[in-house]
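Colleague: Next come the chains, spelled out residue by residue.
Number of protein chains: 2
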Amino acid sequence: MPEARRRDAAATRAAILDSARKAFARAGYDGAGLREIAAGAGVTAMLVSRYFGSKEKLFAEVLQGTMATPTVLSSQVLSSSRRGADMAAALVGLTARGAVPLDGFQILLRSASSPRAARIGRAEIEKRYSRLLAGALKGRRTAERAAIVFALVAGFQMMRQMIGLTALADAKPKDLERLLAPLFAQLVEGPL
Amino acid sequence: MPEARRRDAAATRAAILDSARKAFARAGYDGAGLREIAAGAGVTAMLVSRYFGSKEKLFAEVLQGTMATPTVLSSQVLSSSRRGADMAAALVGLTARGAVPLDGFQILLRSASSPRAARIGRAEIEKRYSRLLAGALKGRRTAERAAIVFALVAGFQMMRQMIGLTALADAKPKDLERLLAPLFAQLVEGPL
DNA sequence: TTTATAAGTCTACAGTCGTATACTTGTGCG
DNA sequence: CGCACAAGTATACGACTGTAGACTTATAAA
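Taken in order, these protein sequences are the chains called A and B.
The numbering of the first sequence is the working numbering, which starts it at 4 and goes up by one.
The numbering of the second sequence is the working numbering, which starts it at 4 and goes up by one.
Read the hints as simulated data drawn from the structure, not as lab findings.
Just to be clear, a hint being listed does not mean it is correct.
Note that the list lumps identical chains together, so a pair holds whenever it fits in one copy or between two copies.
[What the hints assert, rightly or not] Straight-line Cα separation of at most 30 Å, BS3-like style, residue types lysine-lysine; simulated pairs:
(1) K25 x K175
(2) K177 x K130
(3) K175 x K130
(4) K141 x K177
(5) K25 x K58
(6) K60 x K130
(7) K141 x K175
(8) K177 x K58
(9) K58 x K141
Model, not experiment: these values are computed from the prediction.
Build the full structure now, drawing on both the sequences and the hints.
Modeller: As structure tokens, this is what we get:
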């Protein structure tokens with residue numbers, strides 16, 4: 004139990020955003036309710052509405068904040084000399100069983116069934132990641148290759164964490180990295 | 004408007020299953036309501052409950068039926084001598100803009116945020132596809148490689164159809180095939 | 001200490017959800 | 001034709017959804 008917060012609009016706003024991030028990551032856009040989000044921040048549902056205007060705007064702000072700090076595609080990975088292997092290792096590590104699932108992708112995947120959430124997610128991903136990754140690629144079809152990188156990341160995360168395929172959940176991390184690395188390498192470094 | 008069906012339990016059951024398949028593919032497990040499904044079959048919501056016991060059991064039966072006939076991993080593709088290229092072509096074709104999105108994967112992706120639906124989906128995918136694909140692979144780590152094939156298929160479908168990434172939606176199909184083919188080939192044919 | 005105002009809450013509404021109980025109606029058989 | 005039984009419907013319940021309007025309360029300045 005965190006100590007009761009004194010009346011502080013900025014701190015309360017931040018607490019709501021934090022609670023919303025966890026709720027959306029756990030249950031997706033449709034599955035997370037305003038009352039649940041509000042309770043997590045120690046306030047009432049109405050305050051959430053008043054602060055963010057609507058659930059949709061709250062979701063947009065959460066996604067924006069979460070995607071501001073990339074994980075799999077961190078600048079460290081992107082500037083590495085072994086980007087394929089580093090991406091594979093980062094992805095496998097971040098989707099391990101007990102890992103904190105508070106990634107922007109997690110929220111996006113769990114919310115993709117809602118058209119409104121999908122639209123917001125697309126805008127955000129195209130504003131940030133696409134430019135980021137496509138800019139780091141050389142050769143042709145950089146936009147398409149970057150998009151397929153996202154697809155592989157998203158699909159792997161989905162099958163491993165959400166669906167929970169046994170073959171991915173129980174595999175040795177090193178094995179998964181060895182299988183993923185050449186795929187990422189091929190996409191990132193371009194055709195041989 | 005289809006002509007009114009005479010009282011026929013088997014036909015009604017089939018109509019409900021068909022309507023449910025469309026509804027789940029469009030909105031996912033949580034997003035599709037029993038009343039909507041019932042209306043699509045020209046009956047009331049209660050009849051759906053009576054015939055299938057619960058929404059969860061209905062979903063399981065729908066997924067089971069839909070996944071009985073694989074599309075991307077059809078026997079034709081699996082027996083091809085150019086499996087990587089054929090998988091890529093099948094995937095790109097099936098996720099084209101106007102394509103019928105009535106695949107089992109579509110339902111699964113839109114429902115993965117619901118734990119109950121995810122559990123059912125995992126069971127189904129492991130019962131059918133995993134065995135199917137892993138059996139067609141040679142070499143080591145066949146289960147893991149098959150699972151990553153699913154991940155790539157799922158991620159591509161998600162990013163192209165659900166999120167609607169511009170780079171994938173607007174790309175020339177042939178370009179996408181050329182990028183995906185070596186990835187599938189590497190997974191299917193095994194490490195070089 | 002009083003008070004203006006921002007911070008936060010209460011109550012309510014119109015809607016949806018899945019499903020349980022009780023009911024009506026159509027249809028094939030004798 | 002009549003009737004039994006299956007096929008299908010009506011109504012309702014309790015819980016949940018996002019959010020609108022009116023309300024209370026804490027706090028910082030005067």
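Colleague: Should K175 paired with K130 be assigned to within, between, both, or neither, using CA atoms and 30 Å as the limit?
Modeller: Result: close only across copies, 22 Å inter versus 35 Å intra.
Colleague: 30 Å Cα cut-off: does K25 pair with K58 within a copy, between copies, both or neither?
Modeller: both (15 Å within a copy, 27 Å between copies)
Colleague: One pair to classify: K177 and K58, alpha carbons no more than 30 Å apart. Within, between, both, or neither?
Modeller: neither (41 Å within a copy, 40 Å between copies)
Colleague: Go through the copies and call it for K58 and K141: within, between, both or neither, with a Cα cutoff of 30 Å.
Modeller: Answer is neither; intra-copy 40 Å and inter-copy 49 Å both fail.
Colleague: If the cut is 30 Å between Cα atoms, do K141 and K175 qualify within a copy, between copies, both or neither?
Modeller: So K141 and K175 pass the 30 Å test across copies only (19 Å; inside, 32 Å).
Colleague: Can you give me the call for K25 and K175, within, between, both or neither, at a CA distance of at most 30 Å?
Modeller: Answer is within: at 28 Å inside a copy they meet the 30 Å cutoff, but 38 Å across does not.
Colleague: Using 30 Å as the alpha carbon limit, work out where K60 and K130 are close: within a copy, between copies, both or neither.
Modeller: Within one copy only: 17 Å inside a chain, 41 Å across chains, cut-off 30 Å.
Colleague: Tell me, please, which holds for K177 and K130 at an alpha-carbon limit of 30 Å: within, between, both or neither?
Modeller: between (33 Å within a copy, 26 Å between copies)
Colleague: Given a CA cutoff of 30 Å, do K141 and K177 count as a within-copy pair, a between-copy pair, both, or neither?
Modeller: Cα proximity of K141 and K177: in one copy and across copies (28 Å, 20 Å).
Violated hints for the displayed structure, listed by number in ascending order: 8 and 9.
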